[in-house]
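Undergrad: Sequence:
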Amino acid sequence: MRREPSILHVDLDAMFAAVEQRDKVSLRGRPVIVGGVAGRGVVATASYEARAFGARSAMPTAEARRRCPPGTTFLAPRFGAYRRTSEVFMALLAEVSPVVEQVSIDEAYLDLAAGDHDLSAAGVTAVARRLKAAVAEATGGITGSVGAASSKLLAKIGSDLRKPDGLLVVAAGEERTVLHPLPVSRLPGVGPTTEERLRRAQVHTVGQLAAVPLPDLIEWFGQAHGAGLYRLARADDDRAVVTEREAKSVSAEETFDVDVADRGRLTRELDLLAARVGGRLRTAGISGRTVTVKIRHHDFTTITRSLTRDQPTDDPRLLAELARRLLADVDTSAGIRLLGVGMTTLTDFAQDDLFSSSSPAAPDVDAVVAEAAEVAPEPVEPVSAQWRPGQDVRHDDHGPGWVWGSGLGRVTVRFEGPATPPGPVRTFAVDDAKLHPAEPPDWTVPA
DNA sequence: TCTGGGGTCCTAGGACCC
DNA sequence: TCTGGGGTCCTAGGACCC
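In UniProt numbering, the protein residues as written are 1 to 447.
Worth double-checking, as some hints may not be accurate.
Calculated pairs, EDC-like style, for lysine to aspartate or glutamate (alpha carbon to alpha carbon, straight line, at most 20 Å) [unchecked claim]:
| no. | residue 1 | residue 2 |
| --- | --- | --- |
| 1 | LYS132 | ASP116 |
| 2 | LYS24 | ASP13 |
| 3 | LYS248 | GLU95 |
| 4 | LYS24 | GLU49 |
| 5 | LYS248 | GLU101 |
| 6 | LYS132 | ASP118 |
| 7 | LYS24 | ASP118 |
| 8 | LYS248 | GLU219 |
| 9 | LYS163 | ASP348 |
| 10 | LYS132 | ASP310 |
| 11 | LYS248 | ASP315 |
| 12 | LYS132 | ASP165 |
| 13 | LYS132 | GLU101 |
| 14 | LYS248 | ASP310 |
| 15 | LYS163 | ASP310 |
| 16 | LYS132 | ASP160 |
| 17 | LYS132 | GLU95 |
| 18 | LYS163 | ASP116 |
| 19 | LYS132 | GLU196 |
| 20 | LYS163 | GLU137 |
These are computed hints drawn from the structure, not numbers from a lab.
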């Protein structure tokens with residue numbers, strides 16, 4: 001924790017609704033809901049006028065319609081407009097400090113210690129006031145709330161406590177005075193589940209949380225979350241303001257208006273989702289190794305199925321093929337409400353390079369596949385095959401597949417057959433671009 | 001008309017390796 | 001042929017955030 005309140009948290013107030021009210025005079029001063037307006041939509045942002053009637057973010061739009069009076073305006077989001085406003089906002093922040101951490105489209109941390117600023121409480125207050133005025137001016141009247149403190153935790157809580165259009169500077173040394181009276185739900189990381197578990201232990205405020213022994217918290221919440229709560233309750237937070245973070249996953253999903261059971265339709269949706277993910281991977285210049293399919297059933301139970309390749313890809317067609325295979329193992333006959341495709345284990349080089357001319361000569365993959373199918377004790381159909389050069393293949397290699405010989409690389413073949421459970425991977429070692437069969441394959445897949 | 005879409009981080013078990 | 005511990009990777013699920 002620092003000795004000065006040099007971390008700022010800035011958050012635009014009900015940004016989506018505020019942009020709509022800015023752009024349409026007739027909406028000003030009136031309840032506005034922005035979010036999904038179709039059957040299964042939820043509220044993204046409720047204007048403060050709508051919040052007065054109980055509308056909240058993440059609430060089903062249907063529920064918000066019930067709560068809000070006639071005359072409430074329900075709008076689908078205009079992300080382009082929000083993005084433009086966000087860019088103006090972020091540009092202003094960059095003028096205040098070179099170290100800006102954008103958290104979302106409407107929220108950021110600033111490290112004032114990285115700029116040339118008076119870091120006294122009075123000095124930081126002056127900076128924050130000027131910033132708020134500049135934001136309102138540059139965005140056409142969108143207001144923001146600012147918290148300043150010696151840590152991210154208190155800066156964030158400070159802006160929360162004073163919104164909308166507020167400012168709170170927490171002087172160094174005052175952190176726990178501000179923090180301890182608050183309900184535990186104000187802490188980042190305390191959602192409904194954690195709040196309920198704490199309530200059962202008669203822990204309601206952050207001050208009460210600070211009195212719980214560390215071993216208890218770890219027992220209740222696990223090592224990471226438990227230790228995290230222990231520290232946050234003490235205002236012990238030294239997280240740095242970081243400007244860049246690498247993406248860890250890219251995904252796309254869709255909730256259908258009505259549950260979908262039709263396999264043809266699902267396959268087409270899957271292809272579209274894969275195309276979106278692949279397109280975004282390519283735009284970002286990254287590839288991934290792990291493909292995940294997400295399915296939400298009619299009762300909201302959600303499952304994922306994933307597979308990890310040895311080589312990364314950003315190819316939408318391959319992505320779609322792998323996703324189809326994963327979906328094939330899921331029973332969707334009762335209809336599903338959501339379908340999603342994701343890519344993780346991301347790397348920032350293109351997979352094509354791995355197969356370039358510097359690699360050993362590729363074997364005749366078709367011949368390898370044919371030979372493997374030949375020795376199978378039952379009719380099988382190769383689904384895919386991949387040549388992977390430079391793999392260190394050894395005789396004692398074992399695992400879900402098997403390997404023959406040793407050599408320059410492997411050909412991995414995926415088969416499907418009547419007696420073979422779908423998807424087993426068979427690996428063939430290749431020496432001098434030739435298959436080296438050593439012993440008959442065992443087609444039994446371990447239970 | 002119950003519950004979006006994009007993410008992050010964590011846990012736990014099993015396989016595998018040394 | 002009996003026993004083992006640590007580390008990594010993979011898979012699946014869950015809590016949480018904006």
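Undergrad: The structure should be examined with respect to each hint, and the outcome stated for every one.
TA: Do the hints match the structure? See the list:
no.: 1; hint: LYS132 with ASP116; result: holds (18 Å)
no.: 2; hint: LYS24 with ASP13; result: holds (17 Å)
no.: 3; hint: LYS248 with GLU95; result: violated (29 Å)
no.: 4; hint: LYS24 with GLU49; result: holds (15 Å)
no.: 5; hint: LYS248 with GLU101; result: holds (17 Å)
no.: 6; hint: LYS132 with ASP118; result: holds (17 Å)
no.: 7; hint: LYS24 with ASP118; result: violated (40 Å)
no.: 8; hint: LYS248 with GLU219; result: violated (29 Å)
no.: 9; hint: LYS163 with ASP348; result: violated (39 Å)
no.: 10; hint: LYS132 with ASP310; result: violated (50 Å)
no.: 11; hint: LYS248 with ASP315; result: holds (18 Å)
no.: 12; hint: LYS132 with ASP165; result: holds (8 Å)
no.: 13; hint: LYS132 with GLU101; result: holds (17 Å)
no.: 14; hint: LYS248 with ASP310; result: holds (17 Å)
no.: 15; hint: LYS163 with ASP310; result: violated (49 Å)
no.: 16; hint: LYS132 with ASP160; result: holds (15 Å)
no.: 17; hint: LYS132 with GLU95; result: holds (13 Å)
no.: 18; hint: LYS163 with ASP116; result: violated (27 Å)
no.: 19; hint: LYS132 with GLU196; result: violated (36 Å)
no.: 20; hint: LYS163 with GLU137; result: holds (18 Å)
Violation of the numbered hints given earlier is confined to hints 3, 7, 8, 9, 10, 15, 18 and 19; the remaining hints are satisfied by the structure.
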